[in-house]
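J.: So the chains spell out like this:
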Amino acid sequence: MLEIKNLHAEINGKQILRGLDLTVPMGEVHAIMGPNGSGKSTLAYILAGKEDYEVTEGEVLWNGANILEMEADERARSGLFLAFQYPMEIPGVASMTFLRTALNAQRKARGMGELSTPDFMKLVREKAASLNMSLDMLKRPVNVGFSGGEKKRHEILQMALLEPSLCILDETDSGLDIDAVRIVSDGVNALRAPDRAFVVITHYQRLLNYIVPDRVHVIAGGRIVRSGGKELALELEQSGYAEFGAEAAA
Amino acid sequence: MTIQPMSFEVADAPARDASAQLLAQYRAGAAALPGAESKALRELRDRAIAAFAARGIPGRRVEEWKYTDLRSLMTQAFPVSGPPARIGGEALRAALGPLDAVEGPRLVFVNGRLDPALSSIESLPAGAELVTLAEALRRPADGLLDALGDVKGAGGDVVAQLNTAFASDGVVLRLAAGLHVETPIHLVHVAATQSPALSALRNLVILGEGAEATLIESYVCDGLAGAQINAVTQLVLEDKARLAHYVMAAENTETQHLASTLARLGAGADYQAVQMAVGGALSRLQTFVTFEGERAKAHFGGVQLMRGRQHCDMTLVIDHAAVGCESREHVKSVLDEQSRGVFQAKVIVRPGAQQTDGRQMAQALLLSDSAEFDAKPELEIYADDVKCNHGATSGAIDEDLLFYLRSRGIPADEARALLVQAFIGEILDRISHEGLRQALEAKAALWLTPRG
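First to last, the sequence lines map onto chains A and B.
1079 is the number of the first residue of the first sequence in the numbering used here; add one for each residue after it.
1220 is the number of the first residue of the second sequence in the numbering used here; add one for each residue after it.
The shape of chain A in the complex, shown without the other chains:
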């Protein structure tokens, strides 16, 4: 279970989160919606452990452990995964090397041995096929020369390989056409499980037609200002975020 309590955070002295509370039980998918600048991506980065942000108050418990005390890589090895809004291109690092290094680091942390090359290749081939990704793509350096859609699929591929227990998706639908949204959503839905929790951050309701959430939360001014069932997303699609003090999305 993820429990965020009274979280305050700032970057370069500018306060972004102002007392955010959120609880996501295991097995559930919670959507976080909100206008631009409301703190959605900040929340994702803080959960993943990006050092640019300073947490000034509050705590984040993942299965009872305070993850704010952990380094980014420790958090990942304890089950947290962030699918980036803008995945990084890493020239010179082969995608396969990257995937294998990450998988083996996580297996090691779980007391498992390294996968043999054939077993690793088989696993990647399997997961890539289900996301409609060609292995040729993975012969390139990490995300280099990937289209926006390919980068997002690559994020979900990593998620499928690493099998995290807490998945945070940051605007995974941005820049995707409708077919790509469907492929990515199918990939996410295939991972839904009783021992896994999801936080799906999105500006638009569209993604939630495919990844149907258990709960929807509205974030504005760095706090959760309203929570409800999946119908809340449809309501927001109609009314926009204006009632939460936000300007209409540009």
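It is worth saying that the hints were derived from the structure and are not from the lab.
Treat the hints with care, as some may be off.
If you only want the chain B side, here are some residues facing chain A, beta carbon under 10 Å, derived [stated by the list, open to error]: (1) Glu1618; (2) Leu1620; (3) Leu1621; (4) Phe1622; (5) Tyr1623; (6) Leu1624; (7) Ser1626; (8) Arg1627; (9) Glu1633; (10) Leu1637; (11) Ile1643; (12) Gly1644.
Below, a sample of chain A positions facing chain B; criterion: calculated Cβ distance under 10 Å [claimed, not checked]: (13) Lys1128; (14) Glu1149; (15) Ala1150; (16) Arg1155; (17) Ser1156; (18) Leu1160; (19) Pro1169; (20) Thr1175; (21) Phe1176; (22) Gln1184.
The model shown is predicted, which means the values in this text are computed figures rather than measured ones.
For glycine and all other residues, C-beta sits at the position ideal for the given N, C-alpha and C.
Position chain B relative to chain A; hints supplied.
T.: For chain B alone, kept in the frame of chain A given last:
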């Protein structure tokens, strides 16, 4: 060439410094050098030591040595070659590390002298004629001394002159026209540091017209104490010859390594060089390329992996004396702690060397705030139809990339190592011999492994 008067007094240097020690050693030891009975060879050596004596070890006031103040870095000279040293096969394997896996003909020199027991050249094909320098000097064939004396490409560089005076061994290798040698020819130098020595190695490699080969030079240490190396490799590529030349300076952190590569390229020749320096207290790796025939190519890639107070200087002089030649120099320097990396590249385009295409790039990855990288490009252009440019970048590890890798569970040290390997990979990827490329990648990975 004018013969300078013999004088062993070095202007402007105290009597007990390394220059004076070297001159004293020459006086005492020249008679014991191989081939000393040959008058012509003695004269060649005397001229070289006189040229050195006139200037002594260069300090930072000498423009070419501005960033590598050899006079203050090399305050004493070890005994030249010293007593013969032996090492066992096991020690050689340990010293070579991943490089031991590279197959092919191999000559191993220990403290400047061939060790026949560790060497094997049976796999050299017919048409490849190889003798050790020591052997060659005892019965100098026609033209050998002229070839050795012809270091004008180095512009009278004193380090090369010192080598001419002291060289005790090395190889003289000639490949017949059209000969393709498939396996790399590996020259290994091991400094056996239990008896500290200054080893002077001299190689002369001549590729006949259209010949093709891969030459590897590896410099390693057996033991942790200091050593000094002065190596000169002269390469002559006749028309359309192709040489891949890889130099790996991987000595211990007490060792000082001075190396000069002089390459003369005939028409249509292709010279591909990669040099990697990892280890060594001081490495000055100089490369002098002279384009003598038209439409030849010289591509140089350098990798420096330095930490502590290590200092690595890759200095190149590329002399475009013919039409339509192409030169590339790209150095990547990874500097941690208080280490210092230097890249100097001077491109000279002679009058009439039209359609010259020369590019230089220097890139440094600084892993610490106290590391320093100096890049000095120089263009001297006397022709008007020329494309030449240069660039330099330096920066720290990209924190966003590091975060991305760590967010997948990759520990910080490993993530940093991946990014450093990616940085130097662009150079190492040019090594066409797969076994060697893997060996150098492994060597780099060892350097990157966090030390307990």
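J.: The structure should be examined with respect to each hint, and the outcome stated for every one.
T.: Status of each hint after checking the structure:
1. Look at Glu1618/B: its Cβ gets to within about 8 Å of chain A, closer than 10 Å, so that hint holds up.
2. Restraint check, Leu1620/B versus chain A: the minimum CB separation of about 5 Å is within 10 Å; hint holds.
3. Of the supplied interface hints, the one on Leu1621/B holds, with its beta-carbon coming within about 9 Å of a beta-carbon of chain A, less than 10 Å.
4. Because the beta carbon of Phe1622/B sits about 6 Å from the nearest beta carbon in chain A, less than 10 Å, this interface hint is met.
5. Satisfaction of the interface hint for Tyr1623/B is found here, the shortest Cβ-Cβ separation to chain A being roughly 4 Å, below the 10 Å cut-off.
6. A hinted interface residue such as Leu1624/B counts as satisfied when its beta carbon comes closer than 10 Å to some beta carbon of chain A; here the least separation is about 7 Å, so the hint holds.
7. This hint holds: Ser1626/B has a C-beta 5 Å from the nearest C-beta of chain A, less than the 10 Å allowed.
8. Proximity of Arg1627/B to chain A holds as hinted, the smallest CB-CB distance being about 4 Å (cut-off 10 Å).
9. The beta carbon of Glu1633/B comes within 7 Å of a beta carbon in chain A, closer than 10 Å, and the hint placing it at the interface holds.
10. Interface hint status for Leu1637/B: upheld, as the beta-carbon distance to the closest one in chain A is roughly 5 Å, under 10 Å.
11. Nearest Cβ of chain A to the Cβ of Ile1643/B: about 8 Å, under the 10 Å cut. The hint holds.
12. The closest approach between the C-beta of Gly1644/B and any C-beta of chain A is roughly 5 Å, which is under the 10 Å cut-off, so the hint is satisfied.
13. Contact between Lys1128/A and chain B, as hinted, is supported at the beta carbon level, the nearest pair being about 6 Å apart and thus within 10 Å.
14. With 10 Å as the threshold, the beta carbon of Glu1149/A comes within range of chain B, its nearest partner Cβ sitting at about 7 Å, so the hint holds.
15. Below 10 Å, beta-carbon pairs count as interface contacts, and Ala1150/A has one with chain B at about 4 Å; its hint therefore holds.
16. The beta carbon of Arg1155/A comes within 4 Å of a beta carbon in chain B, closer than 10 Å, and the hint placing it at the interface holds.
17. Against a cut-off of 10 Å between C-beta atoms, the interface hint on Ser1156/A holds, since the closest Cβ of chain B lies about 9 Å away.
18. This hint holds: Leu1160/A has a C-beta 6 Å from the nearest C-beta of chain B, less than the 10 Å allowed.
19. The beta carbon of Pro1169/A is positioned within 10 Å of a beta carbon in chain B (closest approach about 6 Å), and the interface hint is therefore held.
20. For Thr1175/A, the shortest C-beta to C-beta distance to chain B is roughly 7 Å, which falls under 10 Å, so the interface hint holds.
21. Below 10 Å, beta-carbon pairs count as interface contacts, and Phe1176/A has one with chain B at about 7 Å; its hint therefore holds.
22. This hint holds: Gln1184/A has a C-beta 4 Å from the nearest C-beta of chain B, less than the 10 Å allowed.
When the structure is compared with the earlier hints, no violation turns up for any of them.
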